[in-house]
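Per my numbering, the very first residue in the sequence shown carries number 355; after that it's consecutive.
None of these hints come from the bench; they were simulated from the model. No residue lacks a Cβ here, since even glycine has one placed at the ideal position from N, Cα and C. Be careful, since some hints might not be right.
[As the list claims (entries may be wrong)] Estimated spans, in silico, between C-beta atoms of each pair:
{"id": "1", "residue 1": "Leu582", "residue 2": "Glu439", "range": "39 to 49 Å"}
{"id": "2", "residue 1": "Asn449", "residue 2": "Glu412", "range": "21 to 31 Å"}
{"id": "3", "residue 1": "Ile447", "residue 2": "Leu471", "range": "35 to 45 Å"}
{"id": "4", "residue 1": "Asn449", "residue 2": "Val576", "range": "18 to 28 Å"}
{"id": "5", "residue 1": "Gly616", "residue 2": "Thr474", "range": "33 to 43 Å"}
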Amino acid sequence: MFIFKTCIRFTYNIGGIILSFHNKVVVVTGATKGIGREIALTFARHGASLIVNGRNRERLAALQNDIQNEGSTCSIVSGDASSPETVNQIKEIINAKFQRVDVLVNNAGMNTRTPTLQTTLNDWENVIRTNLTSAFLTSQSVLPFMIENKQGVIINISSTTANTPHKNATPAYGASKAALNYLTMHLAYEMACHNIRVNAICPGPIETDMTEQWDDTYREKVINGVPLKRLGDTSDVAEMALFLASEQASFITGQSIHVNGGTLMR
């Protein structure tokens, strides 16, 4: 019975292919809710040891408890992922406990709801720092571990907004995600010689706590703009991250992969 449970927890089946992340170390930033939380839990269910980051300590503690209930170990780092101090804390945990990182998921992100003429310099800088600078700093911090181990995977959570503007997009958010896609390609090119793969996932409209605040009229409008006529689930993004981190994706690097229900086909 114990063996059966262990197999379920530490493996994942895609089309008959078994994926396992047992003995793998995974770092996830922006992990306290939504897509980041689901990504962290998905890796935990399949055996990974987690280091998770977010700004809300209470939510981090709850996530840590949920990950441990899945049978995986979890360390938490509370703070802004665009802060060098927070990134150094992540690095210190890696040094103290693992001396390696197999997968980094850069999910820390934010948006403002202000159009161009109402966007302040502070709005702009906050979004760029959270969505782009955090990914650069965290990647820069873990890459030496990956280079030493001659392998690693970085996954940047971008957005469909990087490719096309829409009514509720803001200039800072779209620009930050477009730049994140370029950073993805640049790191993939530069780090390929070290067997380090770097990809981005570009989600479309995904059901999260933010979408729960939408009124029925706006929800219907968004869904009608998706060819599959539904919102995505956080698990859709998490399972793509799991695949990209696996050996089954060993020849995929430098790509920005859309998980959007066909939104860009409109």
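Cross-check of the supplied hints:
1. About 42 Å separates the C-beta atoms of leucine 582 and glutamate 439, a value consistent with the hinted range of 39 to 49 Å.
2. At about 27 Å, the CB distance of asparagine 449 to glutamate 412 agrees with the hint of 21 to 31 Å.
3. In this structure the hint that isoleucine 447 and leucine 471 lie 35 to 45 Å apart at CB holds, the actual value being about 43 Å.
4. Taken as a hint, the range 18 to 28 Å is violated for the pair asparagine 449 and valine 576, whose Cβ atoms sit roughly 44 Å apart.
5. Taking 33 to 43 Å as the suggested C-beta distance range, the pair glycine 616 and threonine 474 conforms, at roughly 35 Å.
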